[in-house]
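Colleague: Residues per chain, in single letters:
There are 2 protein chains.
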Amino acid sequence: MILEMALLTVKPGEGPAFERTMAEAQPLIAATPGFLGLELRPCLEAADRYLLLVRWERLEDHTARFRGSDRYARWKALLHHFYDPFPVVEHYDEPVVETGGPVTRMGD
Amino acid sequence: MILEMALLTVKPGEGPAFERTMAEAQPLIAATPGFLGLELRPCLEAADRYLLLVRWERLEDHTARFRGSDRYARWKALLHHFYDPFPVVEHYDEPVVETGGPVTRMGD
Numbered sequence: 001m002i003l004e005m006a007l008l009t010v011k012p013g014e015g016p017a018f019e020r021t022m023a024e025a026q027p028l029i030a031a032t033p034g035f036l037g038l039e040l041r042p043c044l045e046a047a048d049r050y051l052l053l054v055r056w057e058r059l060e061d062h063t064a065r066f067r068g069s070d071r072y073a074r075w076k077a078l079l080h081h082f083y084d085p086f087p088v089v090e091h092y093d094e095p096v097v098e099t100g101g102p103v104t105r106m107g108d
Numbered sequence: 001m002i003l004e005m006a007l008l009t010v011k012p013g014e015g016p017a018f019e020r021t022m023a024e025a026q027p028l029i030a031a032t033p034g035f036l037g038l039e040l041r042p043c044l045e046a047a048d049r050y051l052l053l054v055r056w057e058r059l060e061d062h063t064a065r066f067r068g069s070d071r072y073a074r075w076k077a078l079l080h081h082f083y084d085p086f087p088v089v090e091h092y093d094e095p096v097v098e099t100g101g102p103v104t105r106m107g108d
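Quick note, the sequences are listed as chains Z and R, same order. Residue 1 is where the first sequence starts when you use full-length UniProt numbering, and the numbers rise one by one after that. Residue 1 is where the second sequence starts when you use full-length UniProt numbering, and the numbers rise one by one after that.
Just chain Z, same shape as in the assembly:
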């Protein structure tokens, strides 16, 4: 499993609207083959900051299959105007060190 990670900073005060829009937009990304799950978490130390984690079977499920889709144009139109600065998106490979907790869904 590949983990996509983005630190998202939204414009001041736009957090609630951003959260609603992400909830509306998530079927656009979830419809992509290879999509395994998504979570958006608010930062405890900084207002207007979020961590987006998306699990993919393979890197190209995100970089080619989603970003090359018509759904990505709609995703961009819905979400990209919230970000300031525009986020860097990175991908992380299978863990090299891992200590398992209880069997769980990603967000539990």
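No lab work stands behind these hints, which were simulated from the structure alone. Glycine included, every Cβ here is placed at the ideal spot set by N, Cα and C. Treat the hints with care, as some may be off.
One side of the interface only, derived from the structure: several residues of chain Z facing chain R at Cβ under 7 Å [said to hold, decoys possible]:
| # | residue |
| --- | --- |
| 1 | LEU40 |
| 2 | GLU45 |
| 3 | LEU51 |
| 4 | GLY100 |
Once you have looked at the hints, place chain R on chain Z.
Modeller: Below, chain R alone, put in the same frame as chain Z:
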């Protein structure tokens, strides 16, 4: 569940030694009450960069129980010299948007 997140950049070429040391060190953090799981993933876009995710029941399990323990002094001695720059550690609250994937361990 609270998610601790740190983007770790290690000194050039020290990735393999860092990975071995993190594997040795992880029982120090895993022994903390409230610890739920840890994963260390290498970045696909940047050498010497890692994403550390640690799941905790509550924020204070990390900030007080682990950082206030004798085990943390050993953790620091083992690991902190690898980092350049020294990482910022942040905590993220329960997801505000979530799309579940299959029931899985964190790192699957």
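Colleague: The structure should be examined with respect to each hint, and the outcome stated for every one.
Modeller: Results for each hint:
no.: 1; hint: LEU40; result: holds, 4 Å
no.: 2; hint: GLU45; result: holds, 6 Å
no.: 3; hint: LEU51; result: holds, 5 Å
no.: 4; hint: GLY100; result: holds, 5 Å
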